[in-house]
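Colleague: This is what each chain is made of:
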Amino acid sequence: MPLLQRFTALGFRNLAPLALDVPAHGLVIVGDNGHGKTNLLEAIAYLHAWRSVRGAGDIDLVGFGAAAFHLAASTGAGSEIRVGFERATRRKKVTVDGVPVNRLADALGALPSVTVSPRDVQLVIGPPSERRRLLDVLLALSSPSYLTALTEYRAALIRRNATIRTAGKHPDTGARAAAWEGTLATAGAALFVARRDWAERVRPRYAELCTLLGEREASALRYRSSADTSVPPDADQAAIRDALAGALERHRGQDMRRGTTRVGPHRDELELRLGGRLLRPFGSAGQHRSSALALRLLEFETLRERLRQEPLLLLDDPFAELDAERSRRVLELLLVRDQTQVILAVPKVSDVPAAFAHLARTRILEGTVTLMDAEGR
Amino acid sequence: MSAIDDLAGELARLPGIGKKTALRLTYHLLRQPKERGLRLARALEVLAERVHPCPVCHNPTESAECAICSDPRRDTSVICVVEQASDIGAIERSGEFRGVYHVLGGRLSPLDGVQPEDLTIGHLVRRATEPAGVVREVIVATNPSVEGEATAMYVQQKLASCGVRVTRIARGLPVGGDLEYADGVTIAQALNARRDMK
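So the sequences go chain by chain: R and H.
Going by my numbering, the letters in the first sequence line up with residues 1 to 377, in that order.
Going by my numbering, the letters in the second sequence line up with residues 1001 to 1198, in that order.
DEER-style ranges, computed between Cβ atoms:
#, chain 1, residue 1, chain 2, residue 2, range
1, R, Arg-87, H, Gly-1018, 20 to 30 angstroms
2, R, Leu-331, H, Arg-1194, 41 to 51 angstroms
3, H, Ile-1004, R, Glu-80, 41 to 51 angstroms
Simulated from the structure, these hints should not be mistaken for laboratory data.
The C-beta atom is built at its ideal place from N, Cα and C for all residues, glycine as well.
Construct the entire structure; sequences and hints are all you get.
Modeller: See the structure below:
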């Protein structure tokens, strides 16, 4: 069943008012850089997590001169998903089948998708927060309790930080800070266990994907705690909770001097290694790209498994900066999924791989999308 | 400033009332018999003049002590700690609790500048420990929000060394509810807090 049947956009970035019928297998968007390919993919991906995959604020997504943006999608399952954001009131309204969604969390993954783009290399060379965000979005989508834990954890964290910054003003700042540590430990343990278990489960697959993408040395990923505890790697949630509570208590004095909480899942790292060395400082550009692609493929496979549905695959010029051999391998991995609906954006018609030649083609020119005929005009 | 603007301005400060509603209420009062407006004014005056927090539990009252604290049938060895006086009504409606209350007057909220000394926690600790042995249990019934939990933790810490049993109300599924309609988060918490059937 195709996921996306029709997509409309109004007032989104540079896109002209758009109504796009998407065939079951997907389509190709051809357009020079700067004409809106990435914006169109970003608009579709917005319906996945109700925010920009590029990390832009909602207000920046409203087109120049527009008062609001509206996106809508009809899915193969017969669902009608709509979102509107108004610049003046900064209000976002999401409806699914005409019913307003009060908590965005309830509508996460309404149109599940994974975006693959050259920017993904940031996943590997960027700061640990990039990798934590990948985990958070992925795990929040597949488990409501993860999202609750994440929300509670963040709320408790900013409050503990606010409390320890008043250290010195009150004799019992330690006790005041400790009041937030219960929630930090409980919610933090839930986050830790979900992230660790995911990393452990996909670890062999990550290594396999990296090999398939052409890496000769062994690739490994591991979830690493920021708490210097001697917790066994397979400890259960209660043990993690206690360990985290203990670490928070031990670090409390130091945290108060530094004015910030330095242990907990918000400082943890998804560690990537190749041939035993850390990938971030030691890997080559090509190795970084392979790892980033493998992470995106893992994201795709995890979503498919947990949502029991094929996510939409949004490919934003995925072969840019890849040599021919790597491109061929990437293509092979992507093509295993003939059930998947693909939207491929490339700069030139000649960039469309033969394997995607059967997809309908559209051209994007200054934000306007038009269908191309068989001759590619 | 006219009397109309004056009253509308005062009404608009109330929670949930905007400028338009405030004006509408003001004109409504103008159209009523004079007696009704005066009754409202007297009720407000009495509220402001006579109602004060109960010196024992901080529940608002007109008497020396509130109706609950002065009721000899209430069990003073169990104190239920709530954030707001309005929470007392909710617990009283359950008819299940026979102890007494303690109103904190809010919850810890460092982002809004609410610190422990802005709440009645110090008073609670004195109440629970002086004279020793009178209070057996303190039930912390702050809201199950992040700030409510932290407030509960802080209260627990302050009472930890006093030899008083400190308990926390449970969270889970509503009675008479349908599992099908409960949200996932509540179900997850109810599952985590499951207990053996005896």
